[in-house]
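So for the sequence shown, this note's numbering puts the first residue at 5; every next one is plus one.
Hint data in this document are derived by calculation from the structure and do not stem from the laboratory.
Some clues are possibly wrong.
Derived DSS-like pairs: lysine-lysine, alpha-carbon spacing no greater than 30 Å straight-line [claimed, not checked]:
#1 Lys383 x Lys368
#2 Lys143 x Lys368
#3 Lys135 x Lys383
#4 Lys368 x Lys235
#5 Lys135 x Lys235
Only a predicted model underlies this, so the values are computations on that prediction, with no experimental measurement involved.
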Amino acid sequence: MKRLAALAGQRWLPPGLFLLALLLSAPRWLPPPAPPRFLPATGPLPLVHPGTQLLPLETRLLPSSRASAHSVSLTSLGEERIAAAWFAGSREGAEDVAILFSIFDGRGWGEPQAVVQRQAAQQASARRLRKLGNPVLWKDGNGILHLWFVSVAYGGWAGSAINHIQSDDEGQHWSSSRRLITSPFWNLSTLVRGAPLALADGGVALPVYHEFITKHAEWLRLDHQGRVRDKLRLPGTTGLLQPTVAVVDEDQALALLRDSSSHQRIHVSRSADGGAHWSTVTATELPNPNAGIALLRLADGRLLLAYNPQPSDRNRLALALSADQGQSWSLPRLIEQGDAGDEFSYPALAQDDSGMVHLAYTWKRERIKHLRFSPGWLKELR
């Protein structure tokens, strides 16, 4: 009998230990994860001399030795300096397209450097890459420059994946590229365009989008080491893409979205819990010709929007201002107006430490254009 009892005890010992381990590791025994919160910009409002008016005198075309340029991204480096990244080559989607990087020092732009080339990214990812695009540049609170960009191995942009490089010396040297795993479906069709947002836990949120079969907007969270934590789909965003997000406070943010549907309107979604949930999108009165937009929360709390202010064509680019967190918008102020077929698109916005506002955008698919102006120049936007 003692032998049988010992044998029975041994038989039940492994499953018993397994069940005990499950109980100890069950989520209800662990403290719940901290709710996500944004990390709004802090500090005193930057000061700008009241008589400063730099537009249109402060208008530049960035240096270029390539036939085509598109999809610029901006980030502040401190003081009056701004960094930019964009893709350029013989044409969009060509094998010679590279991601270029340049710094504005307050007086002019440095010679652009190719920080990502297709062959190097292909070698780093150990897979064939057909094309590169949509760089997104961001400086974190520790002074590290991050650059995300999309790459395509097969098919068109709907087959994109997101890659990441970083620099700890303001772009003089960059790490090898690393491919983010954002989807279980062959890791296809996660694209980035809008600027990231800092999170209070040290992580970062990327507004991203999906294009394979259907288009919709998504919200991708990375931890402090750049690893993917989770991804969620913004509700009601079928046909909408390229969300651009502005933080209101630690909990609240709003996203504006490009419209690829027949509605031809910028749409808006809001979060009141640090991006954990988003409201179903609604259409604004702002027209959108299926073109990229940029949104910036100025140091004084107002929201600045750069967009193409018509339901078709990209031959006009404008700014609009909101003083009520996007509930209403001023009439547009035109920045560029060209002939049919001209293109002024894919804007990017940033504000430097001196308070000056920077706008950059695709100019006729040939160059990147840069404007710098005082917030006081926006007083006519009502």
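Against the structure, the hints come out as follows:
A hinted pair counts as satisfied when its Cα atoms are at most 30 Å apart, and Lys383 with Lys368 qualifies at roughly 28 Å. Pair hint Lys143 plus Lys368 holds up; C-alpha atoms about 28 Å apart against a cutoff of 30 Å. About 42 Å separates the Cα atoms of Lys135 and Lys383, which puts this hinted pair outside 30 Å; it is violated. At most 30 Å may separate the alpha-carbon atoms for a hinted pair to count; Lys368 and Lys235 exceed this at roughly 35 Å.
Distance hint between Lys135 and Lys235 is fulfilled; the C-alpha atoms sit about 25 Å from each other, no more than 30 Å.
Checked against the numbered hints above, the structure breaks hints 3 and 4 and satisfies the rest.
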